[in-house]
Every structure is written in structure tokens, then in C-alpha cells.
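Build out the structure end to end from the sequences listed, making use of the hints.
2 protein chains.
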Amino acid sequence: MSELSLLAKNARAAQRRFAAVSADRRTAALRSLAEILKHRMAEIVTANEQDCAQAEASGLSDVLLSRLRLNAKKIETLCEGLHSLAESEDPVGRVMRRTTLDDDLTLTQVQSPIGVLLIIFESRPDAVIQIGGLALRSGNAVILKGGREAKKTNAVLVSCIQQALQEQQLPPEVVVGVEDRASVSALLAMDESIDLVIPRGSGAMVRHIQESTRIPVLGHAEGVCALYLDAAADPVMAAKLAVDGKCDYPSACNATETLLVHADFLPTLDHVGASLIAAGVQLRADKSSLPHLPGAVAATDADGSTEYGELTLAVRTVASMDEAIDHIHTHSSGHTDAIVTQDQSAADRFLNEVDSASVFHNASTRFADGYRYGLGAEVGISTGRIHARGPVGVEGLMTTRWLLRGAGQVASAYGPGKKAFVHRTESTED
Amino acid sequence: MSELSLLAKNARAAQRRFAAVSADRRTAALRSLAEILKHRMAEIVTANEQDCAQAEASGLSDVLLSRLRLNAKKIETLCEGLHSLAESEDPVGRVMRRTTLDDDLTLTQVQSPIGVLLIIFESRPDAVIQIGGLALRSGNAVILKGGREAKKTNAVLVSCIQQALQEQQLPPEVVVGVEDRASVSALLAMDESIDLVIPRGSGAMVRHIQESTRIPVLGHAEGVCALYLDAAADPVMAAKLAVDGKCDYPSACNATETLLVHADFLPTLDHVGASLIAAGVQLRADKSSLPHLPGAVAATDADGSTEYGELTLAVRTVASMDEAIDHIHTHSSGHTDAIVTQDQSAADRFLNEVDSASVFHNASTRFADGYRYGLGAEVGISTGRIHARGPVGVEGLMTTRWLLRGAGQVASAYGPGKKAFVHRTESTED
Chain Z
323 MSELSLLAKN ARAAQRRFAA VSADRRTAAL RSLAEILKHR MAEIVTANEQ
373 DCAQAEASGL SDVLLSRLRL NAKKIETLCE GLHSLAESED PVGRVMRRTT
423 LDDDLTLTQV QSPIGVLLII FESRPDAVIQ IGGLALRSGN AVILKGGREA
473 KKTNAVLVSC IQQALQEQQL PPEVVVGVED RASVSALLAM DESIDLVIPR
523 GSGAMVRHIQ ESTRIPVLGH AEGVCALYLD AAADPVMAAK LAVDGKCDYP
573 SACNATETLL VHADFLPTLD HVGASLIAAG VQLRADKSSL PHLPGAVAAT
623 DADGSTEYGE LTLAVRTVAS MDEAIDHIHT HSSGHTDAIV TQDQSAADRF
673 LNEVDSASVF HNASTRFADG YRYGLGAEVG ISTGRIHARG PVGVEGLMTT
723 RWLLRGAGQV ASAYGPGKKA FVHRTESTED
Chain P
323 MSELSLLAKN ARAAQRRFAA VSADRRTAAL RSLAEILKHR MAEIVTANEQ
373 DCAQAEASGL SDVLLSRLRL NAKKIETLCE GLHSLAESED PVGRVMRRTT
423 LDDDLTLTQV QSPIGVLLII FESRPDAVIQ IGGLALRSGN AVILKGGREA
473 KKTNAVLVSC IQQALQEQQL PPEVVVGVED RASVSALLAM DESIDLVIPR
523 GSGAMVRHIQ ESTRIPVLGH AEGVCALYLD AAADPVMAAK LAVDGKCDYP
573 SACNATETLL VHADFLPTLD HVGASLIAAG VQLRADKSSL PHLPGAVAAT
623 DADGSTEYGE LTLAVRTVAS MDEAIDHIHT HSSGHTDAIV TQDQSAADRF
673 LNEVDSASVF HNASTRFADG YRYGLGAEVG ISTGRIHARG PVGVEGLMTT
723 RWLLRGAGQV ASAYGPGKKA FVHRTESTED
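Quick note, the sequences are listed as chains Z and P, same order. Start counting the first sequence at 323; every next residue gets the next number (the working numbering). Start counting the second sequence at 323; every next residue gets the next number (the working numbering).
Intra- or inter-copy, both count: the list cannot distinguish identical chains.
Computed list of lysine-lysine pairs in DSS-like fashion (alpha-carbon distance at most 30 angstroms, straight line): (1) Lys473 <-> Lys331; (2) Lys331 <-> Lys474; (3) Lys741 <-> Lys396; (4) Lys740 <-> Lys396; (5) Lys395 <-> Lys360; (6) Lys741 <-> Lys395; (7) Lys395 <-> Lys740; (8) Lys360 <-> Lys474; (9) Lys396 <-> Lys360; (10) Lys360 <-> Lys473; (11) Lys395 <-> Lys474.
The set of hints was computed from the structure by calculation and includes no laboratory data.
Okay, here's the thing in C-alpha cells:
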């Protein structure tokens with residue numbers, strides 16, 4: 323067995339022991355980790371400075387460099403996050419459903435960790451602690467593959483987590499790091515040992531992983547989000563939502579990339595256009611909208627289905643809401659799409675018919691986010707339709723088990739002309 | 323675009339329209355279908371007789387022939403099933419979670435159909451109506467690939483479903499049949515158009531499908547279930563549960579295949595052994611248990627991890643519960659495993675530590691079943707850890723969407739030093 327197979331196999335065995343301990347012990351490990359990060363802060367900062375120096379020398383962009391940097395203040399924030407996870411409810415064993423099947427025959431569906439997760443991320447070493455913390459809380463094992471540029475920092479952070487586990491007599495094999503790219507290819511083939519892959523990075527990276535593995539992948543390759551200005555949109559609100567959706571954080575996956583405009587709204591489009599132009603946005607307008615958008619340029623075919631990730635916005639005219647919805651189903655990535663309208667029945671129809679993970683009325687597409695949704699720590703945003711969809715919190719790392727407690731009952735005693743099941747739903751409270 | 327790509331693409335488009343109509347209309351289609359099956363009964367029975375005659379001539383086994391046969395009585399039962407689905411709650415749009423993010427900013431997570439399902443099944447044409455009915459109830463589209471031997475019957479049944487849809491002015495493209503095997507290979511490559519594959523058939527068939535597609539597969543290739551007789555097991559109960567687990571329906575996936583026996587229980591194993599032998603079971607016993615099981619044969623290495631599907635049972639001795647749990651984690655298929663014991667703390671430990679989809683105390687492994695669990699119609703039993711696990715009801719055909727209703731809020735207004743989110747959990751009742 324290769325070293326990597328053994329690592330994954332050991333992670334699975336350790337995870338099973340880890341999930342079976344009481345919640346208190348996982349909580350204690352989270353608190354230990356926060357303490358350890360403070361104690362080992364100098365070591366972490368030194369490793370990070372070495373990573374940053376090397377990255378700077380190799381010409382990493384300023385944006386990526388600022389993501390890579392881990393200073394005392396960022397570490398403090400990570401520790402706060404760990405304490406907040408320590409205070410949050412432990413999901414392992416949470417009762418989802420309880421049914422009395424018959425006298426002394428009770429079925430309980432409980433939450434249970436998925437098992438072994440492979441997390442692939444770029445640049446930000448903070449992710450090691452954020453994801454490691456989620457694993458500690460949820461009873462999962464994680465194999466972490468970070469970016470090469472953060473190698474030294476990541477190694478120290480993983481060793482901090484393993485120290486926290488050891489201090490609490492918990493198996494350190496549940497949080498492990500791997501370094502080289504070749505390992506990723508090998509791990510992506512281990513669909514027997516790894517249950518879920520969570521890639522956090524560029525669309526190209528996510529797509530490559532989706533195409534290279536039969537392990538389920540939680541995430542999204544693209545965020546092509548549309549804002550539809552209905553005939554009955556309020557022009558002032560439309561401008562506000564378009565500017566926020568495009569400009570608040572242009573490289574985010576929930577940024578607005580396409581403005582769909584009902585033909586009847588075109589005469590009032592000038593305020594929206596002027597606001598966007600004033601905010602520095604390049605507008606790529608189709609034929610019908612171009613005359614209403616001074617300063618816009620003519621769109622090409624790719625506009626309307628492109629994730630720009632910068633201050634560029636496609637504008638497309640539609641003759642009806644049907645056409646808007648068709649456009650979304652054809653060109654959007656099923657991430658987040660929004661309607662602006664004062665017409666309640668139009669809003670209801672849009673919310674009912676648009677088949678995207680998040681569908682909004684009179685709100686910025688930028689709200690599609692685990693923190694904003696109140697899910698606590700965010701695992702990722704999924705555009706898949708299986709397991710979890712949209713912003714995913716810690717529940718996305720859980721599956722369930724069915725526990726049946728009996729008194730010697732046999733199945734052959736039930737059926738037509740024999741005993742009947744009661745199937746009484748009980749409270750899930752203890 | 324190939325004919326099959328078009329079929330899948332049309333199914334997706336039709337499914338979106340179908341999911342957006344009111345629940346009443348899906349209910350009406352279910353009731354129409356029951357009427358149509360009665361009206362067209364002669365046609366169905368004739369097609370089925372032709373299929374049966376051909377299958378008999380080609381030497382199909384009696385067991386498969388009886389599964390293939392569809393008579394008036396079976397059709398009545400199918401109609402009852404449809405009426406019961408018509409009366410059940412429509413899952414589309416059911417509110418799973420409601421959160422107030424701020425004044426006039428409300429987030430709702432609603433159930434939504436997964437989309438396009440590919441169902442591959444063998445022999446039983448009843449499955450067309452059962453699965454078609456589930457699709458009508460849940461707003462999904464299904465592409466059905468049945469067994470070649472049921473070709474004529476399946477074609478009539480699919481046309482009945484399409485007629486029911488048309489009678490209710492609903493798109494008939496949401497339920498379609500395909501016939502040849504080559505279609506299946508082509509469809510399994512369409513991970514853009516098909517969201518979930520549900521194979522219902524032999525383990526070999528399921529394994530082949532799992533290995534040939536990147537589309538998520540819901541199901542199980544194997545059911546290797548263990549019954550663990552703890553040191554503190556009641557011998558009479560142990561015998562009852564072993565006989566029911568093995569003999570009630572030996573070819574079922576939830577049948578017991580392995581008996582794990584604590585060494586301390588060996589002296590009292592004779593009653594269990596005698597009961598199984600009396601029920602016609604061949605026992606394949608390991609060295610330690612063999613002397614306690616008159617009539618048993620010596621086990622080989624494969625025994626203990628084999629799904630026999632017949633009246634054969636492996637017997638393995640373990641020195642401790644740890645060893646029993648290790649055996650299960652190594653050799654069982656994670657489907658259903660049970661402990662027999664009068665020791666409550668041993669039972670609690672087993673239920674807490676065994677990482678299988680269903681884990682039982684003092685109950686037959688045969689209870690692992692959607693109907694017995696009270697889930698209504700069963701979609702399948704999943705040994706996967708993603709999306710759904712164990713017996714899966716109609717909820718396994720659903721995903722969710724997040725709907726946000728606002729009044730023009732922008733994300734940039736929230737954050738440190740700015741507005742704060744309320745994140746108040748609201749009742750999910752209307």
C-alpha cells in the first residue's frame with residue numbers, strides 16, 4: 323500500500339474513533355487549538371514571513387501576497403473563530419427524526435460525520451485553521467492540500483492542530499497535510515477512502531478537479547449571476563442593487579455579471595447606467611440597450627454568460643420575464659439570480675420558476691453567502707444539486723445514520739394479516 | 323445534438339415548467355394516471371403477456387418470470403399506490419428553514435426537485451409506475467431504462483404516464499423511456515443534463531454503473547450485513563433474530579450474511595446453531611465456533627465478507643466488541659449491522675461506534691427498509707455517505723433552493739461598524 327493510501331486509510335480509522343468520543347472532547351480540542359496558536363504565534367509568523375519573502379521574490383501579485391500573509395491580528399481572529407465553534411452545538415448525534423415503529427421498537431435518525439474529506443485550497447493559510455476547526459467540531463477527518471506558496475505556514479498550522487488533538491488524547495491522524503500536486507492526483511483516485519472533495523479556489527481549478535475524480539465534489543466552478551430589472555422595477559433601487567452586486571467585491575462568485583433588462587424598463591435605464599459608469603464599471607450593452615446607456619460599449623456573443631470577476635457588466639434586453647428566465651436557465655451558472663420589481667406577482671413567479679441555488683427579490687446577489695445566511699462557518703457554496711446546494715454550513719459535512727432500538731422483534735412478524743407498524747412521529751428533543 | 327442529448331435537454335426544460343406548477347396539478351396527474359391504467363388495462367395485460375411468452379421461450383427463470391408478470395391484481399395495487407401518493411404532501415416548495423436576516427429581509431430555504439433522474443431497473447415493469455408516480459409527486463423528470471424482457475409492457479406504461487400528463491396540460495417530456503443498452507452508456511456520460519442515477523438491480527449492475535459515470539449514483543452494490551451476538555446476548559432472542567435475518571428473504575440486501583459471536587457466548591451458541599440448521603441454513607463456521615455448531619462446515623477466507631443471497635451464513639468468533647466493530651468496518655458493506663445484547667452500555671457503545679447506514683440493537687437486520695421505517699414510497703437504499711443514506715424516501719429526490727425577499731438592501735451596508743444581521747430563526751409553518 324502506498325504512503326498516501328495508508329494516510330487515507332488511517333484517517334478513516336482515526337475518524338471513526340474521533341466521531342465516537344463525546345462532544346466535550348471535540349470542544350476541548352478546539353479550545354486547546356486556540357491556546358496553541360497563541361503560544362506558537364512567533365513560530366507561525368516566522369514560517370509565514372519565509373513563505374511571503376519567497377513568494378514576493380517569485381513575483382506573486384500583491385493581492386495574493388496579502389492573502390498569504392498571516393500576522394498576529396489574523397491569528398487572533400482565527401482564535402476567536404475557534405472559540406465560537408467551541409461554543410456552537412456539536413452536530414454529531416443530533417437527532418433529525420424519531421419514529422416509534424411499534425412497542426419497544428424505536429427508530430432514530432442521527433447526524434453523523436461524512437468521514438474523510440479532501441480539501442484543496444490556494445494561498446490563504448487561514449483556511450487550514452478554519453477547515454481544521456470545522457473538522458474538529460463535526461467529527462470529520464480532513465486531508466489538506468494547500469498552495470505551494472504557503473507550504474511552511476501550512477505545515478506549522480497542521481502541526482498545531484495535531485498537537486491540540488494529542489493534548490486531548492484524540493487521534494492526530496484526523497487532520498493531515500499533503501504537499502505536492504502529484505499527491506492530489508493520487509488522492510482524487512481513492513474513491514474508496516475519501517468521501518468528499520471540497521476545492522476552494524479558481525473556477526479553472528474546481529473544474530479540473532470535477533473532471534478528474536469520481537469522488538463527489540462540493541463547490542462551484544463558476545458564479546455567473548444575473549440581476550433582472552423587470553418592467554416594474556424601481557429605477558433607484560435597480561441602480562443601488564446593480565452597483566452593489568457588481569462593485570462590492572467584483573471577484574466574488576456572488577457578484578453580478580449580467581444585467582437583464584425588460585424592454586419596457588429601457589426608457590428608465592439611464593439612472594442605472596449612469597450609476598454604474600460613475601462606479602467605474604465598463605458596460606457591454608446589447609443592441610437594444612446601447613442607445614440608453616451613454617458610455618457603454620457594444621457587447622459580443624460571450625457577454626451574458628461570462629464571469630468577469632472585475633468591473634465589467636453585460637447588459638441584455640429581454641422582451642418578457644419568460645425570456646429573462648430562459649436566459650438564466652441557459653447562461654447563468656445556477657448560483658444566484660435576482661429580480662428587481664415592485665410587482666409582487668412578478669416577484670413570486672420569478673422566485674417560483676428560477677432554478678438556481680439562490681433566487682432573490684429586491685436584494686443584491688452579494689447576499690448569497692454562508693455568514694450572511696446565518697449558517698455560521700461556511701464550508702463553500704455549491705452549485706451542485708446533490709447533497710447540499712447554495713451556501714453550505716457545517717451541515718454540509720454531515721450525513722446521517724439510522725439507529726433502531728428493539729426488544730428482539732423480527733421482520734417476519736409484520737405484514738398483511740400479521741402485526742402492523744405504528745409509525746408514530748416523536749419529538750426530536752431528548 | 324444527438325437524439326438522446328435532445329431527449330435529456332428537453333426533459334430538463336420540461337421539468338422546470340413541471341416543478342413550477344401548483345401541487346394540485348401534479349396531484350391531478352397522479353389521479354389521472356390511476357384512471358388511465360384501469361381504462362387501458364387490457365392493452366397493458368396483452369403487452370405483458372407477449373413479453374412473458376417471449377421471456378418464457380428464451381428460458382427466463384420462474385422467479386424473474388413472476389416479477390415480469392403484470393396482471394389485473396398487480397395493476398390495482400399500483401393504482402392504490404398512486405392514490406396514496408396523490409394524498410401525500412407535495413414536497414415541492416416545502417419550507418425547510420426560515421430566517422429573518424434584517425427588517426424586510428427574509429431568507430427561506432425551500433425543497434425543490436433535483437431535476438433529471440436516470441432510473442435503470444430490471445424485470446419488474448411495476449417499477450415504471452412506482453417511479454413515474456414518485457416523479458409526478460416530486461416534480462422531477464425521469465428517464466427510464468427497463469429490462470429488455472419487459473420492453474412492450476414498459477412502453478405501454480410510459481405512454482399511460484405521458485397521457486396522464488397531457489390530460490392535465492403538463493409536459494409529457496418529463497417521463498420518457500429508452501430501450502437499448504447503448505443509450506444507457508450515452509446517458510451515463512451526460513453529467514451536464516442528468517443529475518442523479520438510481521440503479522435498481524443486481525450488485526454487479528450497480529457496481530458497473532458506479533464505475534461508468536461521473537453522475538452521482540444513489541443505491542448500493544452490496545448488502546453484507548452482520549449480526550453481532552454479544553457476551554450478554556439472550557440465546558433465545560439471538561436465535562430468533564439470526565433466523566429472521568437470514569431466512570425471511572435471503573436474497574434481500576438487508577438479509578444477515580455474517581454472525582459475529584463473542585467468545586464468551588460460544589458455550590451458549592448451540593440453540594442459535596440448531597435453529598438456523600433447522601431452518602435449512604448452511605453454516606460456515608470459523609475454527610473457534612465450529613465445535614459449538616453441529617452440522618456446520620468449516621469457513622474459508624471469503625466467508626465473513628460475502629453477500630450470499632441464499633441460505634448460507636458465515637460465523638466468526640471475536641474476542642471483544644472492539645474486534646466485532648473492526649470486523650464490521652473492514653468487511654461489512656456499511657448497509658445494516660446489529661447487536662444482540664442485554665447489556666445496555668454495550669448496546670449504546672455499538673450504536674455509537676458502528677459507522678453503517680443502519681445500526682440496530684435487538685432487532686433483525688431485515689427492518690432496514692423504507693416502508694418499515696415509515697418513509698412511504700422507497701426510492702432505494704443508499705450505502706453512500708453523500709446526499710442520502712440508508713433507506714431513502716421521496717426526500718432523496720429533492721434538493722433545496724434559497725429564496726431571499728428584500729426591499730432593496732445591499733450587502734455593502736452590512737459589516738463591522740455598519741449594519742448587523744439579525745439572523746432570527748422563524749417558524750417554518752406558513
